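Enquirer: For the numbering used here, count along the sequence shown from 1 and bump the result up by 521.
Treat the hints with care, since some could be wrong.
To be verified - Between beta-carbon pairs, the in silico distance windows are:
1) P757 x A800: 31 to 37 Å
2) P766 x P927: 41 to 47 Å
3) T961 x A882: 43 to 49 Å
Worth flagging that the hints you see were computed from the coordinates, not collected in a lab.
Everything numeric in this text was worked out from a predicted model, so none of it was measured.
Cβ coordinates follow ideal geometry from the N, Cα and C atoms, glycine included.
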Amino acid sequence: MSGSLVPALVARADAVVDAVDPSVRTRVGLHLLDALGCLVAGVTHPSVAPLRRFADLVDEAGPVPVLGDASPRSLRTAVLLESTYLHLDEFDAIHSAGAVVPPAVVVPAALAVAARVGSSGRDLADALLGGYEVVVEAGLRLGGPGLYAYRWWPTAALGALGAAWATARLLGLDEAGRRQAVALAAHASGGPIGGGALGEGHYLAGGRAAACGVEAGYQAAAGLRGDVALLDGGLPGAAVPPTPPTGSSMPHLLGCAVKRYPFARPLHAALAALDRLSAEGTPVARARRVEVHLPAPLCRFVTDTRSPQGPAEAAASATVAVAAHVAGRTRDVTFIRAALSPAAPPVELVPAEDLTADLPARWSARVEVYLPDAEPVRAYVGDAPSLDDEREIIEKYHRNVGAAMPGPTTELIGLCAGLDELPSAARLRAVLLATVTPTTIG
């Protein structure tokens, strides 16, 4: 058992949580605040209405309130919806080398369970820190960005593991119970990704992972068992055998990048390259063509379409990303929700094998701008910079919450900053729910 992946994931998360220092705990609060801003923004996304209609069709009224929803839901449906909302705008933090977005699967799960069982803010922080640890370590050891070539979306495939650890920790399960929770979650691993229409199905895959992880925690609490060796051979169909444990003892949460742009992560370095070119005086708006070169495996789920079927496809379109740059709206979550301007420059996405060597540590891009009657202008960015400064993260949060209730949204900043001293995580959950006026869907 000691050589199996699941027990190793649990042992690492336990060790990190037990030894974490105060500076890291401060970052937990900032990451939580960023995730909550993404969740509040997500509630205004056009896909929320059909998602809630789906919930009305399948779910009886339950005990768990959902952000922006006048109808309380079952625990599973509440977690599924809020997890899906959090990732809808592609603005939540990512661990690039692990190719996972831990906030989408861990934060809604831990928040709902913590409020349900009466956990403290410190308990919630521990659950978040360990949940991130599990899902990132799993991504690193099972292939990271290399999984895209085998049509796996790592977050959907592995996110349940992190949600399960967080749930088990909040339920007070011992190490053996946490192992069983993560093992049971491994049985729910899924989430293929294609190169066509993403639709809401892509985001629901992450939501299902979070919901399955919560259920796995409760299943372990009930005495159910899973196969702790289930992932020892890697994910099915992926010729990527598990690698040894990562050597660094640094919490993986510190390696999660707070995103600058609400676009699919492979496009971030391209947007940073465009920012550089514009700062150097290149008139990108006048381009007759823009080429966006990305590592070949990352082209699995981004396109250069000018006619995205919806916001999900727009967030993954290099053409829409270039148009957002030209419009000066690369940090505006609403840009991908509107029709593309006919004046947007033509864009070609180019899979670049020479950039593939940068993976998994760096998701690089090379942008070539072809201007009328001029030589092409090029820029290479090894990886997009993340938001690390507390002030920048709070500014992003304010942009995301926009016109949400000003009192509660301001109060959330203080609650996240003082998470360890918060007597009840239910208080934070209640303030979050107060940020958006509940409505019904006709």
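Enquirer: Return holds or violated for the Cβ distance of P757 and A800 against the range 31 to 37 Å.
Expert: Distance hint for P757, A800 is violated at roughly 46 Å.
Enquirer: Please test the hint of 41 to 47 Å on the beta carbon pair from P766 and P927.
Expert: holds, 46 Å
Enquirer: Could you say whether the range 43 to 49 Å given as a hint is met by the Cβ separation of T961 and A882?
Expert: The hinted range 43 to 49 Å holds for T961 and A882, with Cβ atoms some 47 Å apart.
Figure legend: structure checked against the earlier numbered hints; the only hint not met is number 1.
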